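Using the sequences and the accompanying hints, generate a full structural model.
There are 4 protein chains.
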Amino acid sequence: MKISIIGAAGSVGAPAAFYLAAKGLADEVVMIGGRKQNVLKQHAMDLSTAVSAMDMVIRAGDYSDMGGSDIVINAAGAPQGVIADRMEMLPKNISLCEGIATQVKQYCPDAFFITATNPVDPLNYATFLAGDFDRHKLIGYSINDTFRFKEMIAKAKHARVSQVDGLVLGEHGSSQVLLFSTARVHGQNVSFTEEQKQSLRAGVPNILKGYEELKAGRTAGWTCAIGLEIIVRAIVEDQQCVIPCSVVLDGEYGLRNMSMSVPVVLGREGIVDIIELDLADDEMAGLEKTVATLRPAMSIVETSLSSANQ
Amino acid sequence: MKISIIGAAGSVGAPAAFYLAAKGLADEVVMIGGRKQNVLKQHAMDLSTAVSAMDMVIRAGDYSDMGGSDIVINAAGAPQGVIADRMEMLPKNISLCEGIATQVKQYCPDAFFITATNPVDPLNYATFLAGDFDRHKLIGYSINDTFRFKEMIAKAKHARVSQVDGLVLGEHGSSQVLLFSTARVHGQNVSFTEEQKQSLRAGVPNILKGYEELKAGRTAGWTCAIGLEIIVRAIVEDQQCVIPCSVVLDGEYGLRNMSMSVPVVLGREGIVDIIELDLADDEMAGLEKTVATLRPAMSIVETSLSSANQ
Amino acid sequence: MKISIIGAAGSVGAPAAFYLAAKGLADEVVMIGGRKQNVLKQHAMDLSTAVSAMDMVIRAGDYSDMGGSDIVINAAGAPQGVIADRMEMLPKNISLCEGIATQVKQYCPDAFFITATNPVDPLNYATFLAGDFDRHKLIGYSINDTFRFKEMIAKAKHARVSQVDGLVLGEHGSSQVLLFSTARVHGQNVSFTEEQKQSLRAGVPNILKGYEELKAGRTAGWTCAIGLEIIVRAIVEDQQCVIPCSVVLDGEYGLRNMSMSVPVVLGREGIVDIIELDLADDEMAGLEKTVATLRPAMSIVETSLSSANQ
Amino acid sequence: MKISIIGAAGSVGAPAAFYLAAKGLADEVVMIGGRKQNVLKQHAMDLSTAVSAMDMVIRAGDYSDMGGSDIVINAAGAPQGVIADRMEMLPKNISLCEGIATQVKQYCPDAFFITATNPVDPLNYATFLAGDFDRHKLIGYSINDTFRFKEMIAKAKHARVSQVDGLVLGEHGSSQVLLFSTARVHGQNVSFTEEQKQSLRAGVPNILKGYEELKAGRTAGWTCAIGLEIIVRAIVEDQQCVIPCSVVLDGEYGLRNMSMSVPVVLGREGIVDIIELDLADDEMAGLEKTVATLRPAMSIVETSLSSANQ
Ligand SMILES: NC(=O)c1ccc[n+]([C@@H]2O[C@H](COP(=O)([O-])OP(=O)(O)OC[C@H]3O[C@@H](n4cnc5c(N)ncnc54)[C@H](O)[C@@H]3O)[C@@H](O)[C@H]2O)c1
Ligand SMILES: NC(=O)c1ccc[n+]([C@@H]2O[C@H](COP(=O)([O-])OP(=O)(O)OC[C@H]3O[C@@H](n4cnc5c(N)ncnc54)[C@H](O)[C@@H]3O)[C@@H](O)[C@H]2O)c1
Ligand SMILES: NC(=O)c1ccc[n+]([C@@H]2O[C@H](COP(=O)([O-])OP(=O)(O)OC[C@H]3O[C@@H](n4cnc5c(N)ncnc54)[C@H](O)[C@@H]3O)[C@@H](O)[C@H]2O)c1
Ligand SMILES: NC(=O)c1ccc[n+]([C@@H]2O[C@H](COP(=O)([O-])OP(=O)(O)OC[C@H]3O[C@@H](n4cnc5c(N)ncnc54)[C@H](O)[C@@H]3O)[C@@H](O)[C@H]2O)c1
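Chains as they are written, first to last, in full-length UniProt numbering: chain W, 1 to 310; chain S, 1 to 310; chain R, 1 to 310; chain U, 1 to 310.
The hints are simulated quantities; they were obtained by calculation from the structure and are not laboratory data.
Among the hints, erroneous ones may be present.
Which copy is meant is left open, because identical chains are indistinguishable; a pair holds if it fits in one copy or across any two.
As the list claims (entries may be wrong) - Computed list of lysine-lysine pairs in DSS-like fashion (alpha-carbon distance at most 30 Å, straight line):
1. K155 with K41
2. K155 with K137
3. K2 with K137
4. K289 with K92
5. K105 with K197
6. K289 with K23
7. K197 with K289
8. K41 with K289
9. K155 with K2
10. K155 with K105
11. K215 with K92
12. K2 with K92
13. K157 with K137
14. K289 with K157
15. K215 with K105
16. K23 with K2
17. K92 with K36
18. K41 with K92
19. K157 with K36
20. K197 with K137
21. K105 with K36
22. K41 with K209
23. K92 with K23
24. K289 with K36
25. K197 with K36
26. K157 with K23
27. K92 with K137
28. K105 with K289
29. K157 with K2
In this text the structure is predicted, and so the values were computed from the model without any measurement.
Laid out in structure tokens, this is it:
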């Protein structure tokens, strides 16, 4: 497995590079960065020694070094400052992602292409349009929302997180849909009062707020490392397991021309299935709301792309 | 297992906290920091979600939260800037480490106490003197030198690092002793010409230099995460395996009143054996040189401690 | 962990001893047998060398060597010949199991006590009565039925077994209840026509028949090794996961004074919860039928015990 | 990975099939047997359910089902009764192994071919001659001797076996050479008095005797399962690690036209290196003795083959 990581000196990219290597999921890791090439090189030097006992090749490189990659992870991003909503970053990151898509198209068009850059849903769609890729190998990284939903359920039901199941649909952002119908503890369905649901939904925007208020100068890189390992392992080991990912839709849930989180079955060949869940009424309403939030962003992406192509 | 990490927002502490948690080696991790408490809290929040599926308790805390720790890792350090030799940091970090030793003595005197702060040899000795700890549970982190020695051997012998063995003795610094007599490839002894040895020894100071020249604002945190996991696993799983660590000597190699790297047998009860290798003549000479380098630093530690105790 | 296995030279006991040891779940394994002590000793000698790299103590022993066991596995059984129904073995194995229960009561009354001997439901109940044990640490081994139900679902739904969920309730025997309401593929509910259900239910007795017709002189020991490892791992690692086990009921599902398979939450402290599923109408009918099948066997057990105690 | 096992219902073959499958080293396992096809089928049925959660294909088959195998393991053997020396089995097993070699040549000539049948050294040589195979993919299974040598060292040196190293050379039989020069505890060389060496060497024939006296009707199948897993894993994961195996020599140790145990470096491509150790004087003498023991057996093999080819 050859894995290339763009933005590999960042607070998402570097922990991801480390953890994927430490778990033995790659033979070769190419780390690609932005302006601070010195920082990138230092990370590559450090990581190379860290995993030296596994005989991997770890190196700093540029886009042309991506050739032959099985998986590309895009964790590049413009400096973010303190934001109230991930959507604020769309103008800054859209051309960045289009440019990266062009490079991947040139050097490793058949690789899996995982985008973490925010806002992840429109940017996964932008990548799709810019590179005309097979959507079955294009993944927007959004699993953190599901991790946090499970933490909420565990707290509400006084259970261990390890014993909890649950899934989030829609935007990787404030309008995400908590699917209470998928909540399970010890494999058993659990129910929530309308009040409980409201209160948990109301908590979603506070999570980002809680991070941003701390002004730490980094994002949730440890969580992303764990989630990216789950996704990459599903691919490498052909696990065919269900993972929530932002994917370009083509009729699923009655939607097209957009990307958002849905449960997908992921394996060595790509996304082999998109699971269309039976949604409860309030979940259908939530879906409509999240689509309404995402549509304008998708339009911006389409406009940006078509002007770029003129 | 309860593990407390001091300096847990740093470039050594944070990856260590992440990796020890991700590998399931703790039930509880307390992250203790310096001035930037916001950064520390953000790391704890992130890491807590990252490993939520394992039901661990991860939290930012202060020294009083260390009570009941099985293992304490000290990765705190004064801002380092660009240095030419780790010994430069002794004046800045000596009272820091003494202070931490006092806290550990108060809250969890029986814990394993691993020091990563540089210069690690005199600071492990300072910790010993300041806290009057059992030296069998005091470990100075120095395994990176051995990782790098193996990389050198692999390169020199055109072998895979995974197939190479070798050990470094003495200072975690420029005077370290590369034990060519311990070098093995595929379990077989390999020999080096005098010229090869000279050239590899000459390369040692260039490693730190290579890092420092990049001015990346971080140290070899990924490598330390891997090495600290090896040490912590040896303890938790009572592996009784041989690991090079800086330890306070009490007659071994004819030395006392100092700490330096030697091969130790490590398990759940602590250091159960210090292996006294038969050294070749040039290795004996190297040992004398490294001791000569370390002695003055040990004197500074003793002086600092006795003045503190007046 | 100290694990004692009774019937450890048998086609269930020996593979279980091997696999539990090979997976590193014990520090000590005591193998106890019946008449052929030479075979038992040969297995112990072989297994001891097999796992020698893990420093375990493996030895043939007698009941008095069980002292201090954390887990006892009863895989002893009278020679079985070719049977049409596991219940045929009740008269032959009832006093065997009572005798073993008395030994466990004497030497390690607080150990987990897992019974594999058939018919497992009445014999787990006999063990309970004979030893007056805490029912939360008494487990009848019946998970093979659930393995086979998953294989059926996978075949019927053209899915991989790894992607299938499903659970069996009631007797470890022909009257077992296939819970179609718990059947899931890729985490999604799947439905079965009445015809499909009938045909799958009708297949249950053919499984035993298929084995017996081959007259191989051994039972499903490899499957039991895998299932026993799952149970023992749940205990050792305190997994608190859901596993179908035959347990003595005390009001759950409206039943008492009997043992049968139900989903339990299992961890280091024992059975921490018995999950009472909402059953579909046909499943309720199935439950009544399996209880009707088991009741007479439970009466035989009670009679045998009370006459033994006079 | 497709693995075919011949003699898969035997006391070596069946545990090997189980453990290789349970460790996830194959996608497909073909089990081939001798006369008792019912026993073979029962094992395959059982094992197939045992590992059903891993979606493997496990089935009883005949030689034509070996097509496409990556690895073939020959654990077939004539009924052994009670023997004093493995060499007694040569007349009974030589044509059996030649026949199997012909089948492998026909159906999967490029597979790794591991022979466990005794006497393993002449039979690996017979396989080589009968099938004209590439000797780099032909392995005679003999690692049990090294396991037992490590147990001896651990006992003599009061160490844990996990901390011991050591290697055996030559015949898988009474004339095997215990290489005391390779004995290490905690990675350190250890020395033995001449008396100790004599006593340990004298113990070698007693190991087989100890097994045979028990008349258990089975051989060391659990130990072989562990050792075969080590060999198969080295191949599957391309570990390039050192393992003692019986291999056809072509000048190594000054020997040709024979097979005996030597340390080999094993990986996905086969035996990439045969390590020629510097032997101590008494070890050289031992080597001469073991070669003298093996030569006549190799002659018998050559005679048998040439008469078969007339
Ligand atoms: N999807 C999620 O769940 C999730 C979670 C956390 C962060 N993120 C997003 O991931 C992105 C990265 O976050 P971060 O915290 O690592 O940021 P960061 O600022 O720490 O790192 C970004 C990296 O991108 C590099 N970069 C910038 N421009 C580049 C270019 N043109 N080419 C190559 N590299 C370039 C920078 O050098 C830097 O190393 C952000 O958009 C962030 O919002 C997403
Ligand atoms: N032994 C080795 O092999 C090795 C390798 C790399 C780094 N190091 C050493 O480890 C130390 C840390 O390195 P780093 O790169 O993580 O530095 P860093 O500056 O990134 O982190 C140091 C951390 O210590 C904290 N800190 C400072 N004063 C503190 C105090 N009084 N109490 C608690 N926390 C305090 C800071 O807040 C910071 O988070 C340095 O001394 C460095 O030289 C050792
Ligand atoms: N619960 C399940 O899913 C399941 C599956 C397979 C087998 N089984 C049952 O497990 C039992 C064992 O099956 P097996 O195939 O291993 O049988 P087996 O005949 O191969 O082994 C039984 C062992 O019990 C020993 N034994 C007999 N009497 C004993 C005594 N008084 N004390 C100690 N040991 C004694 C024998 O020496 C023998 O080694 C049978 O009752 C069988 O029906 C249950
Ligand atoms: N190399 C080692 O370290 C080692 C260790 C243990 C056993 N062995 C050897 O392994 C061999 C098998 O031992 P075992 O204990 O499993 O014996 P076993 O009798 O239990 O099994 C042998 C199997 O081979 C099958 N068989 C016989 N003739 C066959 C044929 N023509 N084609 C296909 N299958 C055939 C039988 O049906 C039986 O299942 C013996 O030669 C034994 O000495 C080697």
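**Report entry** Alpha-carbon proximity between K23 and K2, which holds within one copy, between copies, both or neither at 30 Å
**Finding:** Both. Shortest intra-copy (14 Å) and inter-copy (23 Å) distances satisfy the 30 Å Cα cut-off.
**Report entry** Homomeric proximity label, K2 with K92: Cα distance no greater than 30 Å
**Finding:** within (29 Å within a copy, 43 Å between copies)
**Report entry** Identical-chain pair category, K155 with K41, by Cα at 30 Å
**Finding:** Intra 42 Å, inter 20 Å, cutoff 30 Å: inter-copy only.
Report task. Indicate which option fits the pair K197, K289 if close means a Cα-Cα distance not exceeding 30 Å: within, between, both or neither. Result -> within (16 Å within a copy, 40 Å between copies)
**Report entry** Same-copy or cross-copy closeness of K41 to K289 [CA-CA at most 30 Å]
**Finding:** For K41 and K289, neither the intra-copy (44 Å) nor the inter-copy (33 Å) Cα distance is at most 30 Å.
Requested in this report: If the cutoff is 30 Å on CA atoms, where do K289 and K92 land: within, between, both or neither? Let me know, please.
Outcome: So K289 and K92 pass the 30 Å test inside one copy only (25 Å; across, 56 Å).
Query raised in the report: Is the C-alpha distance from K157 to K2 at most 30 Å within one copy, between copies, in both cases, or in neither?
Result: So K157 and K2 pass the 30 Å test across copies only (26 Å; inside, 42 Å).
**Report entry** Same-copy or cross-copy closeness of K155 to K105 [CA-CA at most 30 Å]
**Finding:** Neither: 44 Å inside a chain and 35 Å across chains, both beyond 30 Å.
Query raised in the report: Should K92 paired with K23 be assigned to within, between, both, or neither, using CA atoms and 30 Å as the limit?
Result: Neither: 33 Å inside a chain and 36 Å across chains, both beyond 30 Å.
Query raised in the report: When no copy is specified for K289 and K23, does a C-alpha distance of 30 Å or less occur within a copy, between copies, both, or neither?
Result: Classified as neither; 39 Å inside a copy, 39 Å across copies.
Query raised in the report: For the identical chains here, do K157 and K36 meet the 30 Å Cα criterion within one copy, between copies, both, or neither?
Result: neither (46 Å within a copy, 34 Å between copies)
**Report entry** Intra- versus inter-copy proximity for K92 and K41 (alpha-carbon distance at most 30 Å)
**Finding:** both (25 Å within a copy, 28 Å between copies)
The structure fails hints 5, 6, 8, 10, 15, 19, 20, 23, 24, 25 and 28 (numbered hints given earlier, in ascending order).
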